[in-house]
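Please model the complete structure; the sequences and the hints are all you need to start from.
Number of protein chains: 4
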Amino acid sequence: MCRWAAYIGEPIFLEDIVSRPGHSLIHQSQCATECKSATNADGFGIAWYGERAEPGLFCDILPAWSDPNLKSLTAQVRSRLFLAHVRASTGTATSRNNCHPFAVGRWSFMHNGQIGGYDRFRRDADMLIPDALYAHRKGATDSEALFLLALAEGLEGDPKGALERATARLEGLSRQKGAAPHVRMTAAFSDGARLYAVRYATDDHAPTLYHRWSASRGGRAVVSEPLESGEDWLAVSPGSFCTFDGTECRVDTFRPNPVAVAA
Amino acid sequence: MCRWAAYIGEPIFLEDIVSRPGHSLIHQSQCATECKSATNADGFGIAWYGERAEPGLFCDILPAWSDPNLKSLTAQVRSRLFLAHVRASTGTATSRNNCHPFAVGRWSFMHNGQIGGYDRFRRDADMLIPDALYAHRKGATDSEALFLLALAEGLEGDPKGALERATARLEGLSRQKGAAPHVRMTAAFSDGARLYAVRYATDDHAPTLYHRWSASRGGRAVVSEPLESGEDWLAVSPGSFCTFDGTECRVDTFRPNPVAVAA
Amino acid sequence: MCRWAAYIGEPIFLEDIVSRPGHSLIHQSQCATECKSATNADGFGIAWYGERAEPGLFCDILPAWSDPNLKSLTAQVRSRLFLAHVRASTGTATSRNNCHPFAVGRWSFMHNGQIGGYDRFRRDADMLIPDALYAHRKGATDSEALFLLALAEGLEGDPKGALERATARLEGLSRQKGAAPHVRMTAAFSDGARLYAVRYATDDHAPTLYHRWSASRGGRAVVSEPLESGEDWLAVSPGSFCTFDGTECRVDTFRPNPVAVAA
Amino acid sequence: MCRWAAYIGEPIFLEDIVSRPGHSLIHQSQCATECKSATNADGFGIAWYGERAEPGLFCDILPAWSDPNLKSLTAQVRSRLFLAHVRASTGTATSRNNCHPFAVGRWSFMHNGQIGGYDRFRRDADMLIPDALYAHRKGATDSEALFLLALAEGLEGDPKGALERATARLEGLSRQKGAAPHVRMTAAFSDGARLYAVRYATDDHAPTLYHRWSASRGGRAVVSEPLESGEDWLAVSPGSFCTFDGTECRVDTFRPNPVAVAA
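Residue numbers (UniProt numbering), protein chains in the order written: chain H, 1 to 263; chain Y, 1 to 263; chain A, 1 to 263; chain R, 1 to 263.
Hints are computed from structural coordinates only; laboratory data are not their basis. A few of these clues could be false.
[To be verified] Keeping only pairs whose Cα atoms sit at most 25 Å apart, straight-line, the calculated DMTMM-like set for lysine to aspartate or glutamate is: (1) Lys138/H x Asp16/A; (2) Lys36/Y x Glu228/H; (3) Lys160/R x Asp126/R; (4) Lys138/Y x Glu153/Y; (5) Lys138/H x Asp126/A; (6) Lys177/H x Asp158/H; (7) Lys36/H x Asp119/H; (8) Lys71/Y x Glu54/A; (9) Lys71/A x Asp16/A; (10) Lys36/A x Asp204/A; (11) Lys71/Y x Glu228/H; (12) Lys160/R x Asp60/R; (13) Lys177/R x Asp131/Y; (14) Lys71/A x Glu54/Y; (15) Lys177/Y x Asp158/Y; (16) Lys138/R x Glu156/R; (17) Lys71/Y x Asp204/Y; (18) Lys138/R x Asp131/Y; (19) Lys71/R x Glu15/H; (20) Lys71/R x Asp60/A; (21) Lys71/H x Glu248/R; (22) Lys177/H x Asp131/A; (23) Lys138/R x Glu228/H; (24) Lys36/Y x Asp232/Y; (25) Lys71/A x Glu10/A; (26) Lys138/R x Asp124/Y; (27) Lys71/A x Glu54/A; (28) Lys36/H x Glu228/Y; (29) Lys71/A x Asp60/R.
Right under this line is the structure:
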């Protein structure tokens, strides 16, 4: 399990989400409260959109709380759209190649959760990634595989459908060769224009997902756990796909169909 | 606060202390129970004595639980005398130069605790280190300063007295320029022949220190926290200096005298 | 291109090969003379056999010349059989997962050279790795793929044949989808009992390979470049597979057959 | 010896200096031509001024050529004033704390060269740093000591005089306790408004220093080595102190006076 936070809105310093709030992402790297692993110290990463179409990427394998580069960068860089992640490994190595967010072209992606029994079908998952995207397969995580599969399924034109199909393919592998619980996840991703987030599980234990519009900032934070207590965070229901565009938030049903995929 | 474990006796694989016990040092890096910081993920290190007079040293800035080098090394290397440490920084950087154990010549040293208000008199502490030893001042911790001062005070001929005098000098600085609590510490150190350990505090909250002879191993473990529950670990009293030599354990009073030093 | 050195014989400290000779492996990491890349600073690794069937593994992403852990470890650890490697990346990331030697069970493996156009058929190469070995696919290098394919082809019972078949499969992919030169390589590998080395290329530019028996050490070094000038190093011919067993050295023809594989 | 490059002018992406030119700083990390060490792979760092008074700082211990964070950051961040450095250690450890640029408050500083025999008087150098600045003494380099001494000597109000006095103090220590050549250096530093650079040596071998105004960029690069061949770079004479302010460049004599200091 990991923790993550994303933002869309008026440009703010990354630290306004990453380190300044009382229960900031860095605080969650030491003391997460709504997930099994209170410590999320197996690396961190940020992806932010600036002047270029492609996001900037910065990640490292230190605990987020002790990296001076992260502290300096988040104090200097201002962005209208960014993703930040702290990792608790579910088995794969602590390596920069396994740190979220992942990025391909304009797209960035980060994930919290697991595909059940993934190490039993990691090769099958890799085989689902088409040749054209395989150069972007840098690490060994289920998360990166999910992202590349979603790109292969058409993230560009149909974000929700592509992620549903990608999730369905991995869920199908988990049902066939893996173990229960088959899928428990939240994820956030972006093309640099909109921010998308999903909450989904094959059982009753979907990881938590919240968002909140801040009038003072003129932007919205989307998070694993509220950044401050006592604020009016909106909890997203399991099986939901959120599209954040400017001030708007649209919620759709997220329903992967693993049966059809397995056929 | 940090956690540490040391061993003297028949040669054993380092992993028999570092990773195999139920509450091994690596387990304590994630879930320490007898100190304020449950997570000790700001680096780790080991010093072990083999065929040479000088100890081997291995340290890194990753959390101990996720370093494959540490796992492999402790599974391969057997030693009759070694020190192992997991760090929770009390302020100085996560850097290999700040990882324990420290070593100079045949001596190795590791420490848990703090000298109160150390950042207000770090320069004074550095100034106490004589020229001849200053080349060994690689990092910025109070722990390394304490070790170098103890060497300067004659660790070679009088381990207990030298550490008392070194502690007294830093305690004096803390009383003069620092903050209470002035000293809370355990430490373990060795010249490759004997293993020494100390427990001391200027208030009633000395960090815990235990040891236990294992007949099956033919050796003794000296630790911050017992490596297994339900075993007959001996708690060392505050104000004690232990000398472990072969099967023997001698306990002396440890009483730094900061007044005389400050005079 | 990378540089490597291996040893079999009476136990010696690793530093006797890794850092002490005038043109030691660490010296070669800064100033290699017989390969295109004089600087081999994209990580290093060692695999050594001690008391256990499985080798110890130690690698990192720093240049070998500046890693104090490497210096200390090679000064302390003595071994009768070990492999050491300094890396110059041919494209894949500087990551511990991409550092040689690789190890699976009792086997260790390291490689110098390249499979031409590998990034065009990396997915195909991964697909050749059977499910049972895929958990050991940790990085993205052609070298690790070659090792896993050789294991799949029966390295255990037929070292030369298995490596020929594995090389043939990758050579076939290079001829089909990659680029010339298709294969240029040396490699060394071991099961903890014998040491094997190969020199092979599909053109006239096979990387260099030497070995030398040292009567004073009672052992043999097998290397990319001689460790000292003015010594009687034996150059291995291209298309050769060497088996080093105790004091003996047997040389066989190494002839992958990519045509048969492609059929 | 190290290599560095700095820039002042219209905001440009850092990569326009750091990685894009034919003989960019990253190229110099592998193939420097005007210094003794062609390879500068013992860490790197950048300091850039953006919206805040204090500069952003980013450094790491990998060779600059292989760090994806550096690549991404320099492609995203635009700055009107920045310093960039690649390091070749002259003895002190490869550690983030020893990477340039250093920063205190609004000031950043980087250095190339050496103070002769520094390891014989490192403690004396540290003792010259006043208490108020000692918290900023993070590493062990002569470079950081020079910077902190310059701050102590009044960098704020009198940049040239302060650096002359700081240099004189270290030069005095080198003459008294160190070794010839006593000082060979270039340095660049900034308060976020102006960029300063110095070239100085106590013998005839001052490291090289160049600058060039680019009309197309609307800014000036100040460098150890020209970033492109065939361009009209201006060589700075030894014993010069340059002040770059907007489009202007003023050159003054730089003349430390170690005699007076030693008195």
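Right, here's what the structure says about each hint:
no.	hint	in the structure
1	Lys138/H x Asp16/A	violated (36 Å)
2	Lys36/Y x Glu228/H	holds (24 Å)
3	Lys160/R x Asp126/R	holds (22 Å)
4	Lys138/Y x Glu153/Y	holds (19 Å)
5	Lys138/H x Asp126/A	holds (13 Å)
6	Lys177/H x Asp158/H	violated (28 Å)
7	Lys36/H x Asp119/H	holds (20 Å)
8	Lys71/Y x Glu54/A	holds (13 Å)
9	Lys71/A x Asp16/A	holds (11 Å)
10	Lys36/A x Asp204/A	holds (15 Å)
11	Lys71/Y x Glu228/H	violated (38 Å)
12	Lys160/R x Asp60/R	violated (30 Å)
13	Lys177/R x Asp131/Y	holds (12 Å)
14	Lys71/A x Glu54/Y	holds (13 Å)
15	Lys177/Y x Asp158/Y	violated (28 Å)
16	Lys138/R x Glu156/R	holds (21 Å)
17	Lys71/Y x Asp204/Y	violated (37 Å)
18	Lys138/R x Asp131/Y	holds (19 Å)
19	Lys71/R x Glu15/H	holds (21 Å)
20	Lys71/R x Asp60/A	holds (21 Å)
21	Lys71/H x Glu248/R	violated (34 Å)
22	Lys177/H x Asp131/A	holds (12 Å)
23	Lys138/R x Glu228/H	violated (33 Å)
24	Lys36/Y x Asp232/Y	holds (24 Å)
25	Lys71/A x Glu10/A	holds (21 Å)
26	Lys138/R x Asp124/Y	holds (15 Å)
27	Lys71/A x Glu54/A	holds (22 Å)
28	Lys36/H x Glu228/Y	holds (24 Å)
29	Lys71/A x Asp60/R	holds (21 Å)
Going through the hint list in order, the structure does not satisfy hints 1, 6, 11, 12, 15, 17, 21, 23.
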